[in-house]
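Single-letter residue listing:
Number of protein chains: 2
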Amino acid sequence: MFTLTPQLRLVRPTHRLLSTMTVSQKPLLVAVVGVGLVGSEFIQQLLSIPTHSSPFKLISLSSSSRTLFTGRETPIDSATSWKSKLAGSSSPADLADLTNKLLGLVKNEQERVAIVDNTSSENVAGMYPSWLQAGIHVVTPNKKAFSGDRSLYEEILAASRSSGAKFLNEATVGAGLPVIAPLKEILATGDRVIKIEGVFSGTMSYIFNEFSTAKSGGPSFSSVVSVARDKGYTEPHPADDLNGYDVARKLTILSRQISAASVSSTLPELQSFLSVQTQSLIPSPLESTSSGDEFIQKLPEHDAHFSATREAAAKENSVLRYVGVIDTQQGVVKAGLEKYPLSHPFATSLGGSDNIIMFHTERYSPRPLIIQGAGAGAAVTAMGVLGDLLKLV
Amino acid sequence: MFTLTPQLRLVRPTHRLLSTMTVSQKPLLVAVVGVGLVGSEFIQQLLSIPTHSSPFKLISLSSSSRTLFTGRETPIDSATSWKSKLAGSSSPADLADLTNKLLGLVKNEQERVAIVDNTSSENVAGMYPSWLQAGIHVVTPNKKAFSGDRSLYEEILAASRSSGAKFLNEATVGAGLPVIAPLKEILATGDRVIKIEGVFSGTMSYIFNEFSTAKSGGPSFSSVVSVARDKGYTEPHPADDLNGYDVARKLTILSRQISAASVSSTLPELQSFLSVQTQSLIPSPLESTSSGDEFIQKLPEHDAHFSATREAAAKENSVLRYVGVIDTQQGVVKAGLEKYPLSHPFATSLGGSDNIIMFHTERYSPRPLIIQGAGAGAAVTAMGVLGDLLKLV
Chain A
1 MFTLTPQLRL VRPTHRLLST MTVSQKPLLV AVVGVGLVGS EFIQQLLSIP
51 THSSPFKLIS LSSSSRTLFT GRETPIDSAT SWKSKLAGSS SPADLADLTN
101 KLLGLVKNEQ ERVAIVDNTS SENVAGMYPS WLQAGIHVVT PNKKAFSGDR
151 SLYEEILAAS RSSGAKFLNE ATVGAGLPVI APLKEILATG DRVIKIEGVF
201 SGTMSYIFNE FSTAKSGGPS FSSVVSVARD KGYTEPHPAD DLNGYDVARK
251 LTILSRQISA ASVSSTLPEL QSFLSVQTQS LIPSPLESTS SGDEFIQKLP
301 EHDAHFSATR EAAAKENSVL RYVGVIDTQQ GVVKAGLEKY PLSHPFATSL
351 GGSDNIIMFH TERYSPRPLI IQGAGAGAAV TAMGVLGDLL KLV
Chain B
1 MFTLTPQLRL VRPTHRLLST MTVSQKPLLV AVVGVGLVGS EFIQQLLSIP
51 THSSPFKLIS LSSSSRTLFT GRETPIDSAT SWKSKLAGSS SPADLADLTN
101 KLLGLVKNEQ ERVAIVDNTS SENVAGMYPS WLQAGIHVVT PNKKAFSGDR
151 SLYEEILAAS RSSGAKFLNE ATVGAGLPVI APLKEILATG DRVIKIEGVF
201 SGTMSYIFNE FSTAKSGGPS FSSVVSVARD KGYTEPHPAD DLNGYDVARK
251 LTILSRQISA ASVSSTLPEL QSFLSVQTQS LIPSPLESTS SGDEFIQKLP
301 EHDAHFSATR EAAAKENSVL RYVGVIDTQQ GVVKAGLEKY PLSHPFATSL
351 GGSDNIIMFH TERYSPRPLI IQGAGAGAAV TAMGVLGDLL KLV
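Chains A and B, in that order, are what the protein sequence lines are.
Residues in the first sequence are numbered from 1 upward in steps of one, following full-length UniProt numbering.
Residues in the second sequence are numbered from 1 upward in steps of one, following full-length UniProt numbering.
Some hints could be false.
Pairs count within a copy or across copies, as identical chains cannot be separated in the list.
[To be verified] The calculated lysine to any residue pairs, modelled on SDA-like cross-linking and capped at a C-alpha distance of 25 Å, are: (1) Lys184 x Asp77; (2) Lys101 x Lys195; (3) Lys339 x Ser284; (4) Lys85 x Thr213; (5) Lys334 x Ser259; (6) Lys215 x Pro366; (7) Lys83 x Ala188.
No lab work stands behind these hints: they were computed from the structure.
Could you build all of it, start to finish, from the sequences and the hints given here?
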């Protein structure tokens, strides 16, 4: 058996040891871009960490119209006054100027800096390569950079690799649910993904949890979509959810993660989320409706089609769910409506606007790893972003 | 809108910036203690990372009888020869000597060192405070230190706080499933746990998934336990599973995590896992059976009791599950047999030896965050351990 020497407990750390740790113990300077629903909630959560124990200093806020830059000596530390401070700033929103200031902190002061992008802007996403290249970490729930043009994604990977600055995007898939981190761990520890299958859209989840249940019949498709819109679960124009793009973006993010980790991936090299096989649920005659109101008004004309699809599933004791699938054996990435038997977790245990994601891997086989819970909403999305920021310290 | 300057993409990192990152880019030196089922699998996974891209150097292995210490210049890098190298070492297992050698690397060479404890030994667990105090990180699936004496747990917290060295124990609950990391994130981002409820034991999961199903009747309790033992799902003496201690240990680990993060926790201050309200499933006349064989032989005498409990649940359209509950509103931590209606995820979607853990929090409310999947087995446990090690780099 192991030999023990109780005296070992008396060993004390040396100053040299502590000195090697200074870098990671310096506060991380944080600049937030985007102060909408998720951004505001994120700032509240960040500032709710007691100042004396917080590993962060919030030194800049940017809305779409103005920027507040305080620097590290007088960081923003009040959850009650940040809004008025930002509103009182006379500086217009200028990301180039912000970048230069942050760059100065990194280069001249050897500070650790992270930008948190809480927008859904493609323009902001386009800045990531320059930020990463400059050694500024990027944390974001913004899907655009990781699901858009492949060239931007590759620039991001290259910039991060060259400087060592990290990009963390857990909240781009499943909001606060642990999805990307477990996938990274599966890949990094030498497991292999066989298939990922899930309900990735909170909106689609709500719509089909209401529309297609174990009971036969049910409400009309248009009435469910209309209620979802009234509750704020859909975009103002519901076609922006029913086109399946949100799911295709999330699949692109996960699929690229898998391909990047594999020597030879069987998955298609997605040029953007538009190259995912995506089934749109927008009836063709409604494809060009310009307003959400018009869409909702005309949708009942197509209820019969959706009801017939539901009936066909019910005859097989199944329900309809709009899912995303990444199948590494078939080399397929697709988003669309599928039937699931009542005994399947997608049929029975979903509710509200839950996401559910099943990972079938060599190690999680034959039974998958399953993650389920709210996959949308400001509070859980902000938690996912702050969780990523905590990984940097 | 945001002003953009495309030239920013041309910014290059400076050498000063890179120099601030050297500390985290130095390889992490790893010493493994314990080379049993989980230990061997862990070493295989670690060594399957290509050497040129591995952030780790494996510099020591210890079995219960011998230690191999190579130092950092000639690390162990072959998945095929580590066993014979260790078998060929003439050094007896001596953790005190190992500790001194690692301490030298930390103190004199400013190396970053982690010990991975893949044993289930209380003696090894007792070393954690001295290792942490000396600046050596500890990663482990060994539950003993975190669910045993409160004083040891507090020494571990204090040592980690004082040196900055980390202890990571994701694999102590749910094996490779993400449980402790999501809980830490929930707590660190200011969410509040209302209730954690789950099937935490793979063995108990298997037994009750087989014994109590949606169908009425079913196999006898003793026959299910006997088959589980034959399959290697139970300890050699099944009473070591049926006493509920494994679940109580896991609840202790999670409960202490919650209390440590809360200013005023309503949860009981657990002196050890023995202070968890734990229902034992060992029939009292069998409490002193000395062998597993004798236990299995006498268990049929108590089948009627278990069948009656199952029938009572069935009358309420419910099934039996052995669960752990942490209820912060009631201030209760308990492990025992509970009834769940057929519509509940614990009833319908479990299979095999799955764990399932539901987090009810202020943000994940009314619908919980759910994690489900294999919660035991060498491959997934080792993956949880390696995942923790990756968090250090």
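Out of the numbered hints, which ones does the structure contradict?
-> The structure conflicts with hints 2, 4, although it agrees with all the remaining ones.
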